[in-house]
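S.K.: So you can see what is in the structure, the chains are spelled out below.
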Amino acid sequence: MSVPDYMQCAEDHQTLLVVVQPVGLVPEESFFRIYKRISAVSQVNVRDSQRVLYIRYRHHYPPENNEWGDFQTHRKVVGLITITDCSSAKDWPQTFEKFHLQKEMYGSTLYDSRLFVFGLQGEIAEQPRTDVAFYPSYDECETVEKRIEDFIESLFIVLESKRLDRATDKSGDKIPLLCVPFEKKDFVGLDTDSRHYKKRCQGRMRKHVGDLCLQAGMLQDSLVHYHMAVELLRSVNDFLWLGAALEGLCSASVIYHYPGGTGGKVGSRRAQGGSLSAEAGNRHRPGAQEVLIDPGALTSNGINADTSAEIGRAKNCLSPEDIIDKYKEAISYYGKYKNAGVIELEACVKAVRVLAIQKRSMEASEFLQNAVYINLRQLSEEEKIQRYSILSELYERIGFHRKSAFFKRIAAMQCAAPSIPEPGWRACYKLLLETLPGYSLSLDPKDFSKGTHRGWAAVQMRLLHELVYASRRMGNPALSVRHLSFLLQTMLDFLSDQEKKDVTQSLESYTAKCPGTMEFITLPDGLKLPPVPFTKLPIVRSVKLLNLPTSLRPHKMKSLLGQNVSTKSPFIYSPIIAHNRGEERTKKIVYIINGFILEFESLPAALSLPAESGLYPVTLVGVPQTTGQITINGYHTSVFGVFSDCLLDNLPGVKTNGCTVEVIPALPRLQISTSLPRSAHTLQPSSGDEISTNVSVQLYNGETQQLIIKLENIGTEPLETLEVTSKTVNTKEKLYGDFLSWKLEDTLSQFPLRPGKIAIFTVNIKVKLDFSCQENLLQDLNDDGISVSGLPLSSPFRQVVKPRVEAKPVNPQESSKAGDFSHVKTLEAILNFKYSGGPGHVEGYYRNLSLGLHVEVEPSVFFTRVSTLPATSTRQCHLLLDVFNSTEHELTISARNNEDLILHAGECQRMAIQVDKFNFESFPESPADGTQFANEKQLEEERQQAKGLEINSKLDICWKIISFHKYFVEGVLNQLVLEHLQLTPNPIICIHLFFQIFFFFTHADHRQLICQNVCAPDISIRRLKLVVF
Amino acid sequence: MSSSSRLGGAARPRAQHRHSGPSTALAMATAPASRDRPASRDPPPPSRDAGRGKMAVCVAVIAKENYPLYIRSVPTENELKFHYTVHTSLDVVDEKISAMGKALVDQRELYLGLLYPTEDYKVYGYVTNSKVKFVMVVDSSNTALRDNEIRSMFRKLHNSYTDIMCNPFYNPGDRIHSRAFDNMVNSMMMQVC
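Those protein sequences? They're chains A and B, same order as listed. Residues 1 to 1029 (full-length UniProt numbering) are what the first sequence spells out, left to right. Residues 1 to 193 (full-length UniProt numbering) are what the second sequence spells out, left to right.
Don't read these hints as lab results, they were simulated from the structure. Here the structure is a predicted model, which is why all the values come from computation and not from measurement. Ideal placement from N, C-alpha and C gives every residue a C-beta, glycine not left out. Misleading hints may appear alongside valid ones.
To spell it out: a stretch of chain A is covered by chain B in this simulated footprint if at least three of its residues, at any positions, have a beta carbon under 8 Å from a beta carbon of chain B; those stretches are [stated by the list, open to error]: (1) 80–90; (2) 222–228.
Computed list of lysine to aspartate or glutamate pairs in EDC-like fashion (alpha-carbon distance at most 16 Å, straight line) [as the list claims (entries may be wrong)]: (3) B:Lys-64 - B:Asp-94; (4) A:Lys-757 - A:Glu-712; (5) B:Lys-131 - B:Glu-79; (6) B:Lys-96 - A:Glu-363; (7) A:Lys-528 - A:Asp-447; (8) A:Lys-338 - A:Glu-363; (9) A:Lys-766 - A:Glu-843; (10) A:Lys-359 - B:Glu-95; (11) A:Lys-359 - B:Asp-94.
Kindly produce the complete structure, drawing on both the sequences and the hints.
M.R.: Take a look at the structure:
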């Protein structure tokens, strides 16, 4: 006996074994359909009695196992049902012959047999036969079940007769010695008359009768017989049969204690009869006579058929604890015989099933441990797989999940052992999958995202490697990619650098053929493998939305909707700051923001993070296609050829409180380019606006230049409106006149600007800064001793307080002075272009584009000293200007009615200009009469400016650089003259007072002198002299 | 009962004709063998021939949640085998813990005794009150090792583990990287002189 039945359980001892086999050509499908119907009849209530017969059907049974039928009768094939296909009467004799051949195979043990013939009709089928049943087809065989029941009843009759026959053997008769196949030769030549031999025969026969009783549904009787057998066999040290008797005792007790069955699957097979059998067990032997036995009172001389003699003594059923002890004992006896390995193994399995029900895992594991070491013979690979699988199943049943997984894994490995010519990778893979719970491994990456990894990483990793390998050999690259990605994602912390390299390399080679996707992979058995997004490759540390650059940011027009709150709408933007843990080699990563909204077009970005890179900021850009709200909830990557959708919510350690983007209707986009070079210098305006473009230009003080701005609509919507404003920023210098001036009308006439079209906008830049020297410069130049004041009224104090500078050497200072003069001043201004158009304009949004203008003003000419001299005419006077050329070029100064004055570089010359005196009273007192000025000073300034302009127009001083042919630079100086005068208050007052007084005298209506101080500082007139012209 | 002790003993005489069991099947595993720790931290493997027998061939510390905090075995080339041995022994540990769950905490015996014997090794277990498990694998040929010695080895292990826990820089639940612990484990794996 060499083929163990791992599915055996204790209840099988009470079953009758019936083999159902096909003969001839029977379609497998049809056979199993009939087999299924037959095996449904697994228990039969025998008529006229309360006893129940249990049938165990097999469609395959090794005849050598049958030879052990005397040892344990449930191993004996007692019934044979043959199914055959016979279409014509001609074939009938042949078929019938085959049936007989089949019978001979189990002939020695068969009680009865049946032949089911399908397809045969006619004469032969008409004749009534008990052992043959004819059915026209596999579909028309309603009476199969009935036939089987009849068959079982006939089996019962034989069984019952055998039982009675054996049980009523007279003690004086010679009892045959029952023996197992390997014993036969041992008994040759033994003294059959010895007392020892007789006892052995009695014991074995008792045990056999016990088996028969158990099969015949007489549980209590069987217990009695087993008890007696145990005593008999123990006395003669017949260990193999003692073991069998003990096991029989255990089986009967198990059947009594656990009517629900111990076999799991087997139990479910008879589930419908479970309650019935329980009931049957209890009401067995009506009259409730408890079969009790006192083993000590057993007569050892022969078999006493009358078990009722023992009734009324101790209960002979084993307690649950005793069952296990007896099993242990039985197994230890079996263990003495090398040839009884299968019996021992099966006993172990049966005991484990009982212990599993008793929830005694520790003891069960001991039995299993023992079973592991039982060596049968050289097992075939298939048998090995079966053995390991059943061990795994049993360990699972006693709650040893890890051990179970261990054996299942070995079974899986066995499926693909190198010795097998055609490795069953599919089976291997399937078994490996079943081990996952035992290694507390789920294939859902979500289970690993919470907190740190908990589990036995080394064994889990091994299992994953094996899954990868098995799935690859199965020819399912998608599966192996999925498993490999899972391995990489979840076990990253446990992989050594070399392993990471290996894993990523193989992943890349796999994905070259089959890229990883985000789809669920459904296995044939229904298991779904969720996608594995690489949230750790790379690691994302933080995510935030970036606003659009200011130039593109839409603004809400306040006036349009009357809203005061401008909705600062973040457009679509999101940066991912990616952090690569660095264990990986260089790899390609493609990020795409994926809002998971169809109407969203995200622009892919490709980047390659070097290994062990630090934090690396990544900016991802997407363009929304519809208006409304968009929530950014993840990103999409492709790493090592695996596409992953990483949801931000699932990222460990990343806090995002929603990335919601409001999308407004489309607006045009304006791009500006100018005739001036771009500037590296960026303006930092206080308001926080960003300047998109900066241009810079270098001008001489007083110069004017045209700035040509090209406005190009690079968007998709027409540009409809444009507003231009300018703002001068952080200028410490006092600026005269309009710095920037433009005519918008010319540009607006080209509107609306279609996409791709260009409009020209011209801005005039005029720089007019102070042309006077700074005070110290003035003083330094004042080295020729010429008095500053041309008139006695001019500041006498100044002469006094001014320190003399004669001490200073003049010439060496010239050079350094030139340096001082070349001090460059800067002017900065921002041109703001507010524009709108398209659907966004309808909704009331606009965009703002700023152009930064950086003007470096180089000094040109300085008027180091200004004084006046009375001219020949009383209506005129001479204005004396000391002009200093601080440029490196030769330049000419011209004034109205005057000759040009040529100044060489660094030269200082005095020029005299004859000017008409003014009547300032003719000016309006204040150009802004109606408006309330904050103070008098402001009013005064305003007035002065007006006066200055008047003077300017009279003087009209210009300068130009002669050598510049390319750029004819022309400056207007007139403004500065007055300003200079005004800055040095005393000379102004001289002139002014002079003019005033003169005015009154010519209109001699008044005899009084009216003096008016038109300057800001108070003046004190110390000497006043009337001059009559 | 005498027969129950025979059951355990029954395994040993069979050793000569055992089938090619789990351990050989393991060797057929297809995936590349993994190495857990950098080589620098591995102790110099004591040679097999030098001494009479080893005290322990594998020592493992297992967290409450049943993942390894520390595992070290002497034949380093087949470390995974011990991973499997220790991992499967957890079934028995769990079973033993649940069996003694009813006992009073202070009366509880921390030493779990022999968890199970394998062909070549015996596996012993010990569980602290915080459910941290120590598992020690001993060569089954080493018959000199008595139960009391195993007990004292576990006690040493427990003391050393307590020292680790006292380290303010050690985060409970992290893998143990302690030189002192390494040395202690090494001393247990050294040959008996």
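S.K.: Each hint should be assessed against the structure and marked as holding or not.
M.R.: For each hint, the structure was consulted:
Counting residues of the region 80–90 of chain A whose C-beta sits closer than 8 Å to any C-beta of chain B gives 0, which falls short of three, so the coverage hint is violated. Counting residues of the region 222–228 of chain A whose C-beta lies closer than 8 Å to any C-beta of chain B gives 0; at least three are required, and the coverage claim is violated. With a C-alpha separation of about 11 Å, the suggested pairing of B:Lys-64 with B:Asp-94 holds against the 16 Å cut-off. For a cut-off of 16 Å, the pair hint linking A:Lys-757 to A:Glu-712 stands: about 6 Å separates their Cα positions.
Only pairs whose Cα atoms come within 16 Å are accepted, and B:Lys-131 paired with B:Glu-79 is rejected, the gap being roughly 24 Å. Distance restraint check for B:Lys-96 and A:Glu-363: the Cα-Cα separation of roughly 11 Å lies within the 16 Å cut-off, and the hinted pair is therefore satisfied. As the CA atoms of A:Lys-528 and A:Asp-447 are separated by approximately 15 Å, the hinted pair is consistent with the 16 Å bound. For the hint linking A:Lys-338 to A:Glu-363, the alpha-carbon distance of about 24 Å lies beyond 16 Å, and the restraint is violated.
A threshold of 16 Å between alpha carbons decides the hint, and for A:Lys-766 with A:Glu-843 the separation of about 38 Å lies outside it, so the pair is violated. For the hint pairing A:Lys-359 with B:Glu-95, the CA-to-CA distance comes to about 10 Å; that is within 16 Å, so the pair holds. A distance of roughly 14 Å separates the Cα atoms of A:Lys-359 and B:Asp-94; the hinted pair therefore holds under the 16 Å criterion.
Hints 1, 2, 5, 8 and 9 from the list above are not met by this structure, while the remaining hints are.
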